Structures are given as structure tokens and as C-alpha cells.
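*Asks:* Chain by chain, the residues:
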Amino acid sequence: MHPMTPAPFRVRSRRPVRADTVSLTLEPVEGPCPPFLPGQFTMIYARGVGEIPISISGRTRAGGYLQTIRAVGAVSRALCHARRGDLVGVRGPYGTAWDVPAAAGMDVVVAAGGLGLAALRPVVRELVAHRSRYGRISLIVGTRAPMTLLYPRDLARWSHAGIDVQVTVDHPDHAWQGPVGLVTRLVDRIVFEPRRTAAFVCGPEAMMCAVADDLVRRGVPAARIVLSLERNMKCGVGRCGHCQLGPLLLCLDGPVVSYERAARLLAVKEL
Amino acid sequence: MDVVVLQSLEPLIEALTSSGYTVVGPRVEDGAIRMAEISSGADLPAGVGDVQKPGRYRLTSGDDGMVFGFAASPDSAKRYTQPPRQTLVRVRDEAIEEVEQEAPRVALLGLRACDLAAVAVQDRVFAGGRHPDPAYLRRREALFLVAVNCAVPGGTCFCVSMGTGPKAVAGFDLAITELASPHRFLVETGSERGGEIVALIPHHPATSVDIDAAEEVSRTAASRMGRQVDTDGIQEWLPAAHDSPRWADVASRCLSCTNCTMVCPTCFCSTVEDVTDLTGQVTERSERWDSCFTLDFSEVSGSHVRSSGLARYRQWLTHKFATWYDQFGTSGCVGCGRCITWCPTGIDVTEELACIR
Amino acid sequence: MSAAEKSRPKLAVWKFASCDGCQLTLLDCEDELLPLASTVEIAYFLEASSAIGPGPYDLSLVEGSITTPQDAERIRHVRRVSRRLVTIGACATAGGIQALRDFADVREFAAVVYARPDYIATLERSKPISAHVPVDFELRGCPIDKRQLLEVITAFLAGRRPVVPGHSVCVECKARGNICVLVAHGTPCLGPVTQAGCGALCPAFNRGCYGCFGPTETPNTRALNAQLRRLGMSDPDLVRVYRTFNATEEPFLQASEEAEGDA
Chain W
1 MHPMTPAPFR
11 VRSRRPVRAD
21 TVSLTLEPVE
31 GPCPPFLPGQ
41 FTMIYARGVG
51 EIPISISGRT
61 RAGGYLQTIR
71 AVGAVSRALC
81 HARRGDLVGV
91 RGPYGTAWDV
101 PAAAGMDVVV
111 AAGGLGLAAL
121 RPVVRELVAH
131 RSRYGRISLI
141 VGTRAPMTLL
151 YPRDLARWSH
161 AGIDVQVTVD
171 HPDHAWQGPV
181 GLVTRLVDRI
191 VFEPRRTAAF
201 VCGPEAMMCA
211 VADDLVRRGV
221 PAARIVLSLE
231 RNMKCGVGRC
241 GHCQLGPLLL
251 CLDGPVVSYE
261 RAARLLAVKE
271 L
Chain L
1001 MDVVVLQSLE
1011 PLIEALTSSG
1021 YTVVGPRVED
1031 GAIRMAEISS
1041 GADLPAGVGD
1051 VQKPGRYRLT
1061 SGDDGMVFGF
1071 AASPDSAKRY
1081 TQPPRQTLVR
1091 VRDEAIEEVE
1101 QEAPRVALLG
1111 LRACDLAAVA
1121 VQDRVFAGGR
1131 HPDPAYLRRR
1141 EALFLVAVNC
1151 AVPGGTCFCV
1161 SMGTGPKAVA
1171 GFDLAITELA
1181 SPHRFLVETG
1191 SERGGEIVAL
1201 IPHHPATSVD
1211 IDAAEEVSRT
1221 AASRMGRQVD
1231 TDGIQEWLPA
1241 AHDSPRWADV
1251 ASRCLSCTNC
1261 TMVCPTCFCS
1271 TVEDVTDLTG
1281 QVTERSERWD
1291 SCFTLDFSEV
1301 SGSHVRSSGL
1311 ARYRQWLTHK
1321 FATWYDQFGT
1331 SGCVGCGRCI
1341 TWCPTGIDVT
1351 EELACIR
Chain S
2001 MSAAEKSRPK
2011 LAVWKFASCD
2021 GCQLTLLDCE
2031 DELLPLASTV
2041 EIAYFLEASS
2051 AIGPGPYDLS
2061 LVEGSITTPQ
2071 DAERIRHVRR
2081 VSRRLVTIGA
2091 CATAGGIQAL
2101 RDFADVREFA
2111 AVVYARPDYI
2121 ATLERSKPIS
2131 AHVPVDFELR
2141 GCPIDKRQLL
2151 EVITAFLAGR
2161 RPVVPGHSVC
2171 VECKARGNIC
2181 VLVAHGTPCL
2191 GPVTQAGCGA
2201 LCPAFNRGCY
2211 GCFGPTETPN
2221 TRALNAQLRR
2231 LGMSDPDLVR
2241 VYRTFNATEE
2251 PFLQASEEAE
2261 GDA
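Chains as they are written, first to last, in our numbering: chain W, 1 to 271; chain L, 1001 to 1357; chain S, 2001 to 2263.
Treat the hints as calculated values from the structure; they're not laboratory data.
In this text the structure is predicted, and so the values were computed from the model without any measurement.
Backbone N, C-alpha and C define an ideal beta-carbon position, used for all residues, glycine too.
Incorrect hints may have been included.
[Unchecked claim] Quick list of in silico lysine to any residue cross-link-like pairs, SDA-like style, CA-CA up to 20 Å: (1) S/K2146 - L/T1279; (2) W/K269 - L/D1249; (3) W/K269 - L/S1301; (4) W/K269 - L/G1280; (5) W/K269 - L/E1236; (6) W/K269 - L/G1302; (7) L/K1053 - S/L2231; (8) S/K2146 - L/G1280; (9) L/K1053 - S/H2185; (10) W/K269 - L/T1279; (11) W/K269 - L/A1241; (12) W/K269 - L/M1066; (13) S/K2015 - S/F2103.
[Stated by the list, open to error] If you want the ones that stay clear, here's a sample from chain L, every Cβ over 10 Å from chain S, calculated: (14) T1017; (15) S1039; (16) E1094; (17) A1127; (18) E1141; (19) A1213; (20) V1275; (21) L1278; (22) D1296.
[Unchecked claim] Residues of chain S placed beyond 10 Å of chain W at every Cβ, according to the derived structure: (23) R2008; (24) A2072; (25) Q2098; (26) D2102; (27) V2106; (28) R2207; (29) G2261.
All chains, please: the whole structure from these sequences, using the hints.
*Replies:* So, in C-alpha cells, the structure goes:
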């Protein structure tokens, strides 16, 4: 099969998670769903509209993918409007993964900004599934407003499973009693042993750099801070050239990249 | 490797044609030497040469009767290995159908050593990684490559610097060196099917005189490079020079028109487009040539990573000469000089690199 | 009216100051016209039919520039009755060839041309539609390209962004396999600073590009001007090549002013 040919999938369920964001579960029309690693993405094709990369947020009981999509362009809008039973195309999974087992024996910081939590959800689930292997686990989440918080029930569950979950919002409503402001402010409120800490960070690029810089300042080695980067992507298989970041083709060498590698690349304007 | 001598290319063209190949070779069209379909040796540009300078290309005529007395054509093998547009899939009702891409049997006659190197680069991009493209492989398999060793490098050539020429050493089915007085063609066989074609045509074994003459052609060509690049350590120093003031200087001359990327025999970037019919029943997805000089190339959620012309030129040059190694284990530049000749404002990569360094 | 007809989107085609050439492009879509007519309800298209279907309209195609006070009022009406408004052609997107009058005094022209210039109610400038009302999409060209028009309509029907790239003509020129007339022939060509869309029509016939589709997304006219001067173009000629159908589009305006020595 040609690497650009999508496999037919069906939308099994569609759940709005906030005003402009929808979680879809997708299952192949035929055969099993290829396995994925936390951090990997698929190229999802909305018929007649186009194809975009979307992180995989989880696996359904029937073996499909859970993928959370925010309507920002024509393709994501079309996918957000997809109905149960609709045909979509899926290629992948592609890309590098978060190496969660490598954090065994260490404290773990998971930092998510906005939709970044969608890519980190499989990380947290794996941490929770093997809670005893890790030291302190903190999940810090920044979101626009209380209403735009992703996966609130998961967050509650993870909190009960022994994870320090902290959420900050940009725009609080009257009921909000938690912190307000950037997610970086939460870095100071969590406890970890910097020299023995692994961090998984996903969100807008400026947020990731700010969090990573804070962690480095606190003494976390840059090699153990990993980010999930985003660039324009047309193919996912290293042939369209769009997702380059210096020497990296983010579809093959990313999206998950260590801050040690990414920092000097992200520091160059318009690279 | 068998080495033979042909008195004329006519039987070769006939043999290729009768073996089912469309023969595409150099011929004069629209004031340039294009790679176009040829049906006989008479179509070849006898006595025609070219003068290539930054941003300038002109034909010359002479009476030496040499049919390969010119440098790189504006056309490379890219159009055949990676056609400008390919339909990938067709979506009809509830079915996603893969569209069978054509793989025409074409004999490319007159590729230069730099062109062969470029094909090898594209092989790595499309077939060498984790996601090989079966349609690319079929197209490649259907191409019969007849190289011609350069006798007259152009004013913008620098294959010696890039280690890709001027003599074709691998990757061809047949390689020709055109020799004068008497006019004849030394032919090296590079593959089994190349040998099968040679077996079909009248030839005689090359003598040491022929072989020496051919060696001399390549030696002379190597000494007549129009340009050069110092590639020593380029993989390190070029990406590190991202703040060089030269980028702003070249950006002031760069049109972001994409011509350098379009004529480059290795530039492979593409985009994918959806076309729906009016009834909405049938959708086709096509892949077409794209360029890192377009604004949309780096679009993320409505904004552009490389919005300045400076950043786009820096991306292209740095990728071509340095970060290509990281991604594909080779330089992206083969030294053909096309980007220099066909830049409408005559930007010369060799000059830019020298200044950046 | 059948249920099917009810659900068909309504298309309207409007004319302002223009030559009708872009509207004609729609009628030019011979093979596609019947499927189009069965997919959308062509509710208002005086060039094709005097029947006027009632608004509001789902998609309005607007041709022509705004040159009179009446048209300035009428375009506001068109905007009000249109869910999507797409301008088609250089007149509508850039003011058109008639915007050349912007470089002189329109009252002087009126006095020369008309016996009773006081009868003429005209605005000082020929402006694109977008100068008067918000526009959802601008389709460039003088005239527009048929395939691009169909693309805009089908993209509208499919709910996707039209594939109408903002890059240079050179992309299409090279994909088509044309020789570069600028480099190989020394022919002045605006292709490197002009938006693609025509399929590189003129260079395919060994002519330079005339810039019918207006400036690219990021044109560097200063660099092109320098090269055109090296090819022997005089400054008055440079002014003229930019002052055609898209003369008042900012990058082309700047380019011509630079050649005039105003920049």
C-alpha cells in the first residue's frame, strides 16, 4: 500500500468536550487497529476537505483510537462536525513516543497547556497504571477558562490515584477558586527532586519553552524534559518536507523531542 | 564493465524504442535544450552549446557537430521520478481507492553525473526510509538511464565540489562519452539491461585510444568547473550561521519565487490537495510539487513559522547543504548549478555560502 | 418547490463596474454548468437569465469595482442578503483597469469625455469590494480562471478552504514545463511577483507574465525591478507593467512608485 493511502475508519462516538473541541473514537472498517505508543499521532482525513495530524489520546475498549480535536481550520472543523458512523481516513500511527518507562524510579512532572493534555493523556494513564514504579507524580494543567478544561473526570480519577493534579486558568469564572495565570506558575507549587525528575510537556510552543526553562532552572536535566512539537505536516512519513525544524523532520524525528535537542532549535527565530 | 564504441546513436535510439521505451533526450525547444521526446539522432542538438551565468541562459551554435556539447539542461530526471502532480486516492461513496500511478517506460538519454546523483538522492527520500513509496519504485524501475559524461561544464556548475561528477560512475544503465575526430561514442554498460540493449546494436570494442580519449574528456571537464563550494564542515558551520547578516542581504535579492526549488533535481517537497466534484460524490487527493519558499509551507494554525523571505531562503540553503545530511545521510546538493542559472535575479549559492562562511 | 430544491444552496452573481468577462467565465464552464445548476440554485444571474430568485443567497459572486455612490449603497445590500460573498476578478479584488484613473483627476477625465460632466456621479477612486464591505474570499485574475472559479464553488459546497495558493506564477510555470522566458530569453516577466492561478498561460506561449492575478503573498518587487532594469527596461516601462489590472494593489503600487522615483 502507498504510504499516503488512508485506511477507512468509522466514527464510533463523538463527544463534545468543550465549546470548540470534540473527542472522537475511531475504529477501522476492517481488521484490527494498529497499536500506538503514547505521544504518537495519526493523520486523519476528512473526506473532501483534507488531512491533519492529531495526537492519539487513548484506546477504546473495542480497540479504536480516542482522539481529541479542536476546530481551528477547515479540516479540524469538518472532523469536529463528523457524526457517528461517518467515514474518515486514518494513516499511522506515526512519530516518536513519550518514553514513560524510562522515568521509572524518578519523580515525574507532566505539564499540559490547552489541548496539550490530549497528547499527554496516554502518559498519565500509563503512570497511573504503574503508579508504584514512580516517585512523586505531578500533573500541572493550564487552560483558558474552567469551562475549557479537558477531561475533568480523568483529572479527578488521577488525583485519587495518587497524582498531584493542579490546574490554573487564564480567565476564572465566579466559581473558580484555584490559581489564575500561566501554567509556569504551577512549577513552583509542585514538589520534585530535580536531579531525579523526568518531565513530559505539551502545549503551545511558548508555554513549553517557559515550563522547560523553569524546570531547567530548578535543576532538571534538559535531556529528561521532553516536549511534543508541532509544525505544518502534510504527509507524516518524511516525504513532504513541511515539518522541518532544522535537522529534524518532526513526523519522523518527533513530535516528541527532548528539550536538550529542541532548545537551541526553538531559540532560532523563524527556523 | 563492458566498454564499446558506437559510430552513431541512431541504432541505440532505435533499440531503446523497439524495447518499448519512449526515448527522452536533449533537443532544442524555445531557445533552450530541453529533455523532450526524441525519435531519431537528428533530434539531438548537433553543434549547439549553452552559456550559463547567474540568472542567464543562452544557446550558442557552432559547427563541431557534437551533440552533447552543452551543460545541464533546465530539465532533470525529477519530472520522471517525481511528476509535478500525482493523484493519490479517490474517495467515492464509502470507499477510499488508491489510484494506480503511472510508471511509463522511459529512456532518459543524456543525464549528467549530477543528475544521476540527484536520482540517488531521491531514491533515499522516497524509497530509503521507513515508508518506501511503491509507486516511486515502479517509476524508477521503468526508467532506463543513459548518462552522458560532461565535456563542457557550464558556468554555474560545481559538481566537482560536491563529489558528484563530471564523470558518471554509478547509477546508470549506459554511460556515453562523446568523442571527436572521428566523431564516435564510447559506451559503458552499467546494468544487465544496459548490456542487453548494447547487444542489439552494432558496436565494436573500445580500444585503449578510445578509453584514454574518454578519460581525457572527463579530466578536462573537471578542470573547467564554473563554480566551487568549500564543503568542509558545512554540516556544522552552516546551521550555526543562522544569525549571519548575509541572510538579510540575500533576502533583499530573493524573490521567494520558488524557481530554485522547482529546477533543483533533488528538491522533493510536496503538498497535498483535495479536489471535489460539483456533486460532492467524488473526491480526489493529489500530491503536487511545493516549495519551502511559499508562505503556506510553514503554516501552523493560521500563522506562518517562516513568514520572512530571509527565513525561507535560510531554510532552503541550510537544508540543501547541511541538514539534509541529518535527514537523509547525504547532501541535498549535487552541484548541477540549475538554481544559479534559473534564479531570475541570479542569486549564486556558491557565492552566498562563501560569504556566510 | 421540491424538498431537494429547498436544500440546494442559492447562488447569486452580481455586477459592478466591470467588463462582464469574469461572469462570462461562469457561463464558460460548459461541461460543468449542468452539474453546477443541479447542485446550486442559480437564483440571480442577469447575464444568464432575467429571472430573479428571492434572497437571501448562500453564495454571492461579485464582479466589478465600486466607482459610484449608488454602487457603494448597492454593495451593502448585496452583503446583507449574502451568507458568503466572494469577489471575482481584478476589478472586484483590486479596483481593476479603471483604477488607473486614481493616478489622475477623475473630474478632469469626465470633463474631457462627457458633454455634460455635471451629469456624471462618480467616486474619486475605483475601489475593490473589500474597501466597502467585508469579503469572505477574493478570487483574483483578469479575467478569473475557470478552474479556480469551480474550485471556489466546490470548496464552498464541501466546506473546505479553496485551493487557491498565494504563491508565484513560477510554481505553475515550472510544473507545466515552460522554459523561463526571463532567464532564457531575457523577456521581462512579472511571474515571480504575480500570484499563480492562470496556469502560467503567457509564459507557455513564450510571453512574459503581465501580472493579471495581482501580487503574490510576499512579493519582492524591488528585487525584480532591479533585474528588469538589468534586462534593459526603462523606468517608464516599469511603471507601465505594474499599472494595468491591479495597479492599486499595494505591492504593485509601491513597485510602480519605486520605478517613478517616488519611493
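*Asks:* So which of the earlier hints does this model not fit?
*Replies:* 4, 10, 12, 13, 20, 21, 22
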